[in-house]
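Residue numbers (my numbering), protein chains in the order written: chain F, 1 to 409; chain P, 410 to 624.
The reader is advised that the hints may include incorrect statements.
Computed from the model, here is a short list of chain P residues facing chain F with C-beta under 7 Å [as the list claims (entries may be wrong)]:
1) 457
2) 476
3) 503
4) 506
5) 508
6) 623
7) 624
No lab work stands behind these hints: they were computed from the structure. Glycine included, C-beta positions come from ideal geometry on N, C-alpha and C.
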Amino acid sequence: MKRQLTTIARARRGSAIVTVTVVLATLLLLLAACMRFLGASRSEQVQEGDGLLALYAAEAGLAESYLALENGRDAHVGSAEEPRTFRDASYWVEPEPMGARVYALRATAHDRQARERIELVVREIPDGFFRYAVFGDEGVSFRTSSFVDSYDSSLGSYASQYDNTADHAGEHGNVGSNADIALETNSQIYGNANPGPDGELQVLGPNTLVSGTTDPAEELVPLPPVVVPAIAATGSKVVKGKTLVLGPGDVHLTRLELQAGGKVEIRGPARVVLDDLLMRANTSLTMLTVGGPVEIYGTGNFQLQSNSNLITQTTRPHDAAIYLSSNNVDGSPRSTVEFNANSEYTGLIYAPRARIAIQTMFEIYGSVMARHVALGSNSGIHYDVSLLFDDDNGAPVYEQVSWRPIALQ
Amino acid sequence: MKPRTRHTAGFTLTELVLAGAILAVSLGALTLFTSRSADALGTGALQAELDARLRRTLARVTDELLPSGAAVLSPPATAPAGSSTLTYRRSEGAVNGAIHWGAPQRLAFAYETGELDDDLDNNRNGLVDEGVVTWTRDVGSADEVSVILCHDVAEYAAGEVENDVDDDGDGLVDERGFSFERTSSHVRVHLTLARLDAQRRPLTRTLEVTLQPRN
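Produce the entire structure from the sequences given, and follow the hints as far as they go.
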């Protein structure tokens with residue numbers, strides 16, 4: 001009997017241990033499951049947070065790079081070898097030119113285990129005044145086989161951008177008017193041809209070409225008057241068989257006449273006001289822009305007769321400009337304006353009160369804006385796209401083209 | 410004289426009954442505690458799972474929409490109608506200084522397989538007219554492919570019922586469990602998930618994100 005009681009007591013003691021063990025094991029399992037859930041959830045949230053911080057770091061790098069670009073500084077921010085750091089995050093930005101005035105800024109950022117890489121493409125916002133190859137307030141006329149295309153002087157010469165297969169260079173040679181645009185046989189415009197809001201594109205012969213849009217403009221383009229600099233006149237000059245040097249600096253002549261063999265050399269930077277210019281055959285006018293830009297202001301007659309030569313020594317049309325306040329339509333007295341020289345003129349012509357006829361031998365690399373423009377047969381204008389951007393008008397301003405995440409390297 | 414060993418050799422019946430009763434009460438309490446803990450843990454785990462899926466789905470939606478732009482989003486999805494579908498395109502970089510858009514893609518609410526818009530639990534999973542979030546790439550092309558990003562999407566947003574009234578006061582009328590609202594520059598994305606817990610009680614979780622497409 002005593003032995004039986006002892007056995008029962010031992011069995012009870014064992015069952016208590018088993019019960020406690022089972023209870024503890026159950027509690028431990030519950031605790032482990034709970035910890036695992038919490039741990040997994042926490043780990044996922046930490047990973048998400050790190051990814052977000054890496055994205056923010058990359059965005060910060062892009063902002064820094066963008067600011068540097070707008071201030072004309074190097075747009076690199078750090079490097080893979082020496083990244084910028086902010087707390088646990090590190091980042092760097094590599095800019096890459098994607099053509100003229102377009103940049104891809106690629107930012108890479110790390111935050112602990114997370115990595116992000118994003119790309120921002122930006123382009124410079126056009127702010128130049130000369131946005132057309134040809135613009136005529138009261139109309140533009142293209143005679144037979146006249147031609148307009150474009151190039152970008154910041155990328156090289158026109159010849160280097162000419163496509164022999166296509167027989168033209170770029171297709172940004174836009175033509176505009178506040179009235180009509182008339183095209184005669186075989187005239188070609190590699191760009192848009194946009195007449196005024198109430199104007200129309202008149203096709204007057206076969207085989208004309210406009211590579212871009214021909215929609216009328218939504219609003220008129222104002223042509224402000226030329227502001228002639230106030231410079232004291234120093235009389236008149238007749239140059240024959242010799243060379244007259246003008247500039248650097250400001251010059252005002254009431255009359256300049258070049259007779260056979262006469263040459264004029266204008267050395268920049270210079271502003272030359274001519275109240276009456278007459279260039280006869282076998283004469284030349286050279287605009288030397290090595291030292292700075294040359295601006296010629298014509299206030300009355302402005303005649304470049306046949307077999308005269310207008311010479312520019314620059315590849316940038318920004319450097320040479322002819323501004324005419326002359327009025328050959330309804331002025332009193334009515335001026336005579338004539339561009340009949342043998343020239344490859346790299347520069348600008350602006351004449352808001354004059355009708356201008358560009359003759360066959362007068363080839364322009366730049367832009368012409370006038371009251372009316374008539375392009376003679378076989379004449380050519382090659383618009384410089386860099387004129388869209390006024391480099392002299394302060395720091396460039398960029399706009400976003402594209403933002404996207406890109407693959408990690 | 411009574412032998413003393415009789416008193417110390419075992420337990421009286423009263424002691425045994427008392428001990429048994431205490432043990433039974435203790436085990437009952439433990440069982441109840443364990444059961445409730447497991448129930449709470451199950452509900453908590455389900456909540457955590459739904460929350461994680463909400464976060465993951467909206468993170469994916471955000472990733473999809475950030476490289477898009479207001480000009481390539483449709484439909485307008487403005488309040489009070491909003492929309493349960495959004496077609497968009499993503500930037501694939503720039504070509505000749507202009508943005509290059511990829512093929513159209515679409516995010517949308519769709520009914521779960523076997524479920525119809527009929528106020529019935531057609532697939533007998535305890536939820537009525539529940540749906541999914543689908544992502545379709547190359548919309549309209551021969552390569553069009555649809556993928557389900559998330560199951561258990563409530564037919565209507567939490568607090569909203571089909572009655573042409575803005576029940577939840579968020580500016581949208583009868584919006585789906587997955588819905589979009591657009592302003593001129595931002596997109597608000599709403600997602601409500603619903604599931605039954607172990608006790609077959611409905612559990613609803615909601616998350617919203619507002620983002621600005623970057624292009």
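Going through the hints against the structure:
1. The interface hint given for residue 457 of chain P holds, since its Cβ lies 5 Å from the closest Cβ of chain F, which is under the 7 Å cut-off.
2. The restraint placing residue 476 of chain P at the interface with chain F holds, with a minimum CB-CB distance near 4 Å, inside the 7 Å limit.
3. Taking 7 Å as the C-beta cut-off, the interface hint given for residue 503 of chain P holds, the closest approach to chain F being about 4 Å.
4. Hint status for residue 506 of chain P: holds, given a least beta-carbon distance of 5 Å to chain F, under 7 Å.
5. Contact between residue 508 of chain P and chain F, as hinted, is supported at the beta carbon level, the nearest pair being about 4 Å apart and thus within 7 Å.
6. Satisfaction of the interface hint for residue 623 of chain P is found here, the shortest Cβ-Cβ separation to chain F being roughly 4 Å, below the 7 Å cut-off.
7. For residue 624 of chain P, the interface hint holds, since its Cβ comes within 7 Å of a Cβ in chain F; the closest pair sits about 6 Å apart.
In this structure, every one of the numbered hints holds.
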